[in-house]
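Protein chains: 2
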Amino acid sequence: MRLVKAFLKPLQKEDVLNISGGKRGRITIHEVASAAGVSISTASKALNDTGRMGAETRERVKRIAGEIGYRPNALARGLLSKRSFTIGLLTNDTYGRFTLPVMAGISDALVDHGVSVFLCAIEDDPALAQIHVDAMLDKQVDGIIATGKRLDRRLPVDLSNLHVPVVYAFTEGTQNSVTFRSDDEQGARLAVEWLVKAGRRRIAHITGPEEFFSVRERAGAYHEVAGHREPVLYGVWSESWGHEAVEQLWKRPGEKPDALFCGNDQIARGAVDGLRERGVKVPRDVSVIGFDNWEIVAAQTRPPLTTVDMELKELGRQAGLTVLALAEGRPVEPGVRKLPCRLIVRQSCGGNAPKE
Amino acid sequence: MRLVKAFLKPLQKEDVLNISGGKRGRITIHEVASAAGVSISTASKALNDTGRMGAETRERVKRIAGEIGYRPNALARGLLSKRSFTIGLLTNDTYGRFTLPVMAGISDALVDHGVSVFLCAIEDDPALAQIHVDAMLDKQVDGIIATGKRLDRRLPVDLSNLHVPVVYAFTEGTQNSVTFRSDDEQGARLAVEWLVKAGRRRIAHITGPEEFFSVRERAGAYHEVAGHREPVLYGVWSESWGHEAVEQLWKRPGEKPDALFCGNDQIARGAVDGLRERGVKVPRDVSVIGFDNWEIVAAQTRPPLTTVDMELKELGRQAGLTVLALAEGRPVEPGVRKLPCRLIVRQSCGGNAPKE
DNA sequence: ATTGCATGAGAAAACCTTTTCTCACTTGAC
DNA sequence: GTCAAGTGAGAAAAGGTTTTCTCATGCAAT
Chain C
1 MRLVKAFLKP
11 LQKEDVLNIS
21 GGKRGRITIH
31 EVASAAGVSI
41 STASKALNDT
51 GRMGAETRER
61 VKRIAGEIGY
71 RPNALARGLL
81 SKRSFTIGLL
91 TNDTYGRFTL
101 PVMAGISDAL
111 VDHGVSVFLC
121 AIEDDPALAQ
131 IHVDAMLDKQ
141 VDGIIATGKR
151 LDRRLPVDLS
161 NLHVPVVYAF
171 TEGTQNSVTF
181 RSDDEQGARL
191 AVEWLVKAGR
201 RRIAHITGPE
211 EFFSVRERAG
221 AYHEVAGHRE
231 PVLYGVWSES
241 WGHEAVEQLW
251 KRPGEKPDAL
261 FCGNDQIARG
271 AVDGLRERGV
281 KVPRDVSVIG
291 FDNWEIVAAQ
301 TRPPLTTVDM
311 ELKELGRQAG
321 LTVLALAEGR
331 PVEPGVRKLP
341 CRLIVRQSCG
351 GNAPKE
Chain H
1 MRLVKAFLKP
11 LQKEDVLNIS
21 GGKRGRITIH
31 EVASAAGVSI
41 STASKALNDT
51 GRMGAETRER
61 VKRIAGEIGY
71 RPNALARGLL
81 SKRSFTIGLL
91 TNDTYGRFTL
101 PVMAGISDAL
111 VDHGVSVFLC
121 AIEDDPALAQ
131 IHVDAMLDKQ
141 VDGIIATGKR
151 LDRRLPVDLS
161 NLHVPVVYAF
171 TEGTQNSVTF
181 RSDDEQGARL
191 AVEWLVKAGR
201 RRIAHITGPE
211 EFFSVRERAG
221 AYHEVAGHRE
231 PVLYGVWSES
241 WGHEAVEQLW
251 KRPGEKPDAL
261 FCGNDQIARG
271 AVDGLRERGV
281 KVPRDVSVIG
291 FDNWEIVAAQ
301 TRPPLTTVDM
311 ELKELGRQAG
321 LTVLALAEGR
331 PVEPGVRKLP
341 CRLIVRQSCG
351 GNAPKE
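In the order they appear, the protein sequences are chains C and H.
For the first sequence, this note's numbering puts the final residue at 356, and the numbers step up evenly by one.
For the second sequence, this note's numbering puts the final residue at 356, and the numbers step up evenly by one.
Check before you lean on any hint, since a few could be wrong.
What the hints assert, rightly or not - Derived BS3-like pairs: lysine-lysine, alpha-carbon spacing no greater than 25 angstroms straight-line:
hint	chain 1	residue 1	chain 2	residue 2
1	C	281	C	251
2	C	149	C	338
3	C	313	H	82
4	H	281	H	256
5	H	313	H	149
6	H	281	H	251
7	H	281	C	251
8	H	82	H	45
9	H	82	C	82
10	C	197	C	149
11	H	313	C	149
12	H	149	H	281
13	H	62	H	45
14	C	62	C	45
15	C	281	H	281
Just so you know, the hints here were simulated from the structure itself, not pulled from any lab data.
All chains should be modelled from the sequences, with the hints used to inform the complete structure.
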């Protein structure tokens, strides 16, 4: 109730914020020039270390600019230079599970170059996507990075004929574009090889829906390394599926698996829970490895999950540098770049796992 | 290995992308004007529905502009109008647990106004924060929204004397600013009242560190409604604390609680796991309610958690509209606005909970 | 003393829009 | 037939910056 009243209370003059008109006092290069007693051309050249002038003049202009707190207007600069130092990140990954690490990598790589990032979450709405793309193009972004939640799906908008460079990261790209993705095959191999090296022989694979490209790639690597000793259980990306899969495996007659390689961390977590409920000790009796290194799931599982990290931040970093290179007209070879995954060892699998 | 080779292979001319130079062909209002046989002033006025001119002329210009795909350059427009239709979202919430819903709300509210959002994740690094703020100011953002992961902490950067409006959302604001936050007291009351109505009498409260303002507010409401029948267990924000707290409660002699109100969903989840391991049925024997509605935790718990949603998206929406209002010079009353929480009923608590 | 050449600095154009001002023309009224 | 008012459209300035071009000065070489 207090809330509502606060909103409805008629505004009084004295308690109205006056921080709005703001920009009136913005300091321009004109101020710098006149404060330094030079022309704006000279001021500009001094500040940009271009043109010819006396060392003393240059220093004086720079000093005065610093003193009065001059910062060049990026809009004006961009108008002329055709570079806005701005890029757009388009994503349909609402949860941000994949987008946030990618974003962190992009930002990390580009902040030094003075580039800021527009984040546009488009759900799976083509119209919304188009609105965001148009808005970004109007704002003269230097490039766009498209990212998503699936390697084998496109965003619901066509970015192939834009007049700005587009780079794809963790989403399906177009013909002749630059696409960054994780090397799921290598990641899966890493996991299964680790289990094999730890002495596990009956390794089962519980994973997501078979129509996912990543699922097939990971399963392929699993088959290759583990040698078909156990079946692949396809299901959905949920904890309850992991739980249920364990039930299926342990209900079967005969020897039980001594290791589970799971398609993602949620499945792994469900599996670990299922094992605990059956009194099976992890990692003593069964080793479990997940995929994704989604910390909130992997690190909170008891015991914490060993898992495969797709290095999404690095992926974002490279995507950022690539879109920047394209924006600057530097040549970039098109194609799909697979970035290697890394195994994060925690307590859920045996062997010489360091305690965290 | 293949990867490395791909990166190091010398570039051949023919497989180099040529999408870089892009902007050369950008269509300006000059093109529209000459295609329509009018001056640029007339073209501008036609497109903006301003000025005086024949209806026929206006229509023709608009039609031609549409045909040749003219879109006005927001940089040029912004230079003149002092409005960039761009705002910045500053956050120190790395995980995005709180930031993403807020961002979704902001974007949702502002996309119709043509506003795009710079997302700046600043970790807790003051220097990085300053860099991002400066970059945004250079780009003439119309305003900044600061958000975080704690109501009672400031971002590590001073935003109080900027010449653009600043709005705080889910983080501590400065004197005389506009701050949006969730009403944790009301949210907690909602939860405990629900338990009481469901007939629970021995309601325990397991929560986070007492130094958190939210923790104290929620505990206060709990005390008021539940009437001190059970102690408050302060701890940390983790599943394992929830698990351990249940152990503490059930080890104590005497009657056990018949309901747990937990400080967040992770604690609740740990508690539910602990209860299951003791053979205590949820919700039959004990009702459990969490806080946050972090779907990835709440919905995946077995049984799915009833929890308090802080309506962060709505919070973002209001913050977005407010910063826009300030940017447009409309008066806004300063102060802290508490937005009500909502109870999300799932299966973890008794009563007439609808099945999902 | 004239030419040639650095050197330092400013004038002006350009980027793309919007807005204000001005001008030419038409129409209706006296 | 003149004047006022109204109408349609263009010229120009402004916004902040960078870049190219031009100009003036001083100095060394002829």
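Structure-based check of each hint:
1. The straight-line distance between the Cα atoms of residue 281/C and residue 251/C is roughly 17 angstroms, inside the 25 angstroms bound, and the hint therefore holds.
2. In summary, the hint linking residue 149/C to residue 338/C is supported, as the alpha carbons are separated by about 16 angstroms, within the 25 angstroms threshold.
3. Restraint check for residue 313/C and residue 82/H: the C-alpha separation of about 35 angstroms exceeds 25 angstroms, so the hint is violated.
4. Of the supplied pair hints, the one linking residue 281/H and residue 256/H holds, its CA atoms being roughly 13 angstroms apart against a limit of 25 angstroms.
5. Using a Cα cut-off of 25 angstroms, the hinted pair residue 313/H and residue 149/H holds, with the two alpha carbons roughly 14 angstroms apart.
6. Between residue 281/H and residue 251/H, the direct Cα distance comes to roughly 17 angstroms. Compliance with the 25 angstroms bound is thereby established for this hinted pair.
7. Taken as a hint, the residue 281/H and residue 251/C pair is honoured in the structure, with Cα atoms around 24 angstroms apart against an allowance of 25 angstroms.
8. At roughly 19 angstroms between alpha-carbon atoms, residue 82/H and residue 45/H fall within 25 angstroms of each other, so this suggested pair holds.
9. For the hint linking residue 82/H to residue 82/C, the alpha-carbon distance of about 19 angstroms falls within 25 angstroms, and the restraint holds.
10. Only pairs whose Cα atoms come within 25 angstroms are accepted, and residue 197/C paired with residue 149/C is rejected, the gap being roughly 32 angstroms.
11. With a C-alpha separation of about 21 angstroms, the suggested pair residue 313/H and residue 149/C falls inside the 25 angstroms cut-off, and the hint holds.
12. Our distance criterion of 25 angstroms between C-alpha atoms is broken by residue 149/H and residue 281/H, whose separation comes to about 33 angstroms.
13. Of the supplied pair hints, the one linking residue 62/H and residue 45/H holds, its CA atoms being roughly 10 angstroms apart against a limit of 25 angstroms.
14. A threshold of 25 angstroms between alpha carbons decides the hint, and for residue 62/C with residue 45/C the separation of about 10 angstroms falls inside it, so the pair holds.
15. Pair hint residue 281/C plus residue 281/H holds up; C-alpha atoms about 23 angstroms apart against a cutoff of 25 angstroms.
The structure fails to meet hints 3, 10 and 12 from the earlier list, while all remaining hints are met.
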